[in-house]
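Position chain B relative to chain A; hints supplied.
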Amino acid sequence: NAGVTQTPKFQVLKTGQSMTLQCAQDMNHNSMYWYRQDPGMGLRLIYYSASEGTTDKGEVPNGYNVSRLNKREFSLRLESAAPSQTSVYFCASSGQFRGLNTGELFFGEGSRLTVL
Amino acid sequence: AQRVTQPEKLLSVFKGAPVELKCNYSYSGSPELFWYVQYSRQRLQLLLRHISRESIKGFTADLNKGETSFHLKKPFAQEEDSAMYYCALRRNTGFQKLVFGTGTRLLVSP
Numbered sequence: 001n002a003g004v005t006q007t008p009k010f011q012v013l014k015t016g017q018s019m020t021l022q023c024a025q026d027m028n029h030n031s032m033y034w035y036r037q038d039p040g041m042g043l044r045l046i047y048y049s050a051s052e053g054t055t056d057k058g059e060v061p062n063g064y065n066v067s068r069l070n071k072r073e074f075s076l077r078l079e080s081a082a083p084s085q086t087s088v089y090f091c092a093s094s095g096q097f098r099g100l101n102t103g104e105l106f107f108g109e110g111s112r113l114t115v116l
Numbered sequence: 117a118q119r120v121t122q123p124e125k126l127l128s129v130f131k132g133a134p135v136e137l138k139c140n141y142s143y144s145g146s147p148e149l150f151w152y153v154q155y156s157r158q159r160l161q162l163l164l165r166h167i168s169r170e171s172i173k174g175f176t177a178d179l180n181k182g183e184t185s186f187h188l189k190k191p192f193a194q195e196e197d198s199a200m201y202y203c204a205l206r207r208n209t210g211f212q213k214l215v216f217g218t219g220t221r222l223l224v225s226p
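Respectively, the protein sequence lines represent chains A and B.
Using the working numbering, the final residue of the first sequence is 116, and nothing's skipped along the way.
Using the working numbering, the final residue of the second sequence is 226, and nothing's skipped along the way.
Bound conformation, chain A alone (with noise of 0.2 angstroms):
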């Protein structure tokens, strides 16, 4: 098993220019999330979703757009990147047990974004 997957790894943007950064899980998880990670600052959560289907704002929602596509994949779009939005991004899922979240999270190895 894969487990988390994301893509790219890399990614360099000029201000104004868009992209999707594209996750998915195949450990059937039912919750997905989606952080950036900025020193100093620890782990942010921007988005998440915590079912098929569903999709909340976290801490820093602003400049960003999820998709739940399906159980697998919950992917983050930056519409007009910013400088502000350079910073590395998570991706992580988590289960459940006897229908209770079971707040272990699995991460994805991160993207780093840097926009110019």
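Incorrect hints may appear among the rest.
To be verified - Reference listing, derived: stretches of chain B covered by chain A, where coverage requires no fewer than 3 residues with Cβ under 8 angstroms from a Cβ of chain A:
(1) 148 to 160
(2) 216 to 225
To be verified - No farther apart than 30 angstroms at their CA atoms in a straight line, the calculated lysine-lysine pairs in the DSBU-like style are these:
(3) B:Lys138 - B:Lys181
(4) A:Lys57 - B:Lys125
(5) A:Lys57 - A:Lys14
(6) B:Lys189 - B:Lys173
(7) A:Lys9 - B:Lys125
(8) B:Lys138 - A:Lys57
(9) B:Lys189 - B:Lys138
(10) B:Lys125 - B:Lys181
(11) B:Lys173 - B:Lys125
No lab work stands behind these hints, which were simulated from the structure alone.
These numbers were taken from a predicted model, which means no experiment stands behind them.
Backbone N, C-alpha and C define an ideal beta-carbon position, used for all residues, glycine too.
Below, chain B alone, put in the same frame as chain A:
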């Protein structure tokens, strides 16, 4: 709102020394606390959670509700413990998403 504070950005110790990575939280309810670790060139992964009351790789963490703390401890640090450590909290109501602290980099020198 819930918040997790890790006051130390960097903790540097010598091999064999005791280690304590601090984590304090604010949340009005009964939270669930976790420690996640990111080793060099590896994915972020769960290290331990407070409800398990287990020791993983020699690390333990006790939830102190009076002091609202969940410090991570190890009596004798090893070089392979060098990594980024994140404390995380999830509330016990609603959808239980995780809130992370800012992380502490542990550097264990020989």
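Take the C-alpha atoms of B:Lys189 and B:Lys138, compute the straight-line distance between them, and say whether it is at most 30 angstroms.
-> Satisfied, since the Cα-Cα distance of roughly 9 angstroms is no more than 30 angstroms.
If you draw a straight line from the CA of B:Lys125 to the CA of B:Lys181, is it 30 angstroms or shorter?
-> holds (23 angstroms)
Could you grab the alpha-carbon distance between A:Lys57 and B:Lys125 and see if it respects the 30 angstroms cut-off?
-> Satisfied, since the Cα-Cα distance of roughly 28 angstroms is no more than 30 angstroms.
Pair hint outcome, A:Lys57 versus A:Lys14 [Cα-Cα no greater than 30 angstroms] | Given pair A:Lys57, A:Lys14 holds - Cα atoms ~25 angstroms apart, limit 30 angstroms.
Under the criterion that the straight-line Cα-Cα distance not exceed 30 angstroms, is the pair A:Lys9, B:Lys125 satisfied?
-> Judged against 30 angstroms, a Cα distance of about 26 angstroms means the pair holds.
Would you say the stretch 148 to 160 of chain B counts as covered by chain A, given the rule of at least 3 residues with C-beta under 8 angstroms?
-> holds (count 5)
Examine the stretch 216 to 225 of chain B for residues whose CB is less than 8 angstroms from any CB of chain A, and state whether their number is three or more.
-> holds (count 4)
Could you grab the alpha-carbon distance between B:Lys173 and B:Lys125 and see if it respects the 30 angstroms cut-off?
-> holds (22 angstroms)
Pairwise hint evaluation, B:Lys181 against B:Lys138, where the allowed Cα distance is 30 angstroms at most | holds (14 angstroms)
Between B:Lys189 and B:Lys173, does the CA-CA distance stay at or below 30 angstroms?
-> Within the cut-off at roughly 11 angstroms; holds.
Is the straight-line distance between the alpha-carbon of B:Lys138 and that of A:Lys57 30 angstroms or less?
-> Holds - the C-alpha atoms of A:Lys57 and B:Lys138 are around 29 angstroms apart, at most 30 angstroms.
Taken one by one, the earlier hints all hold for this structure without exception.
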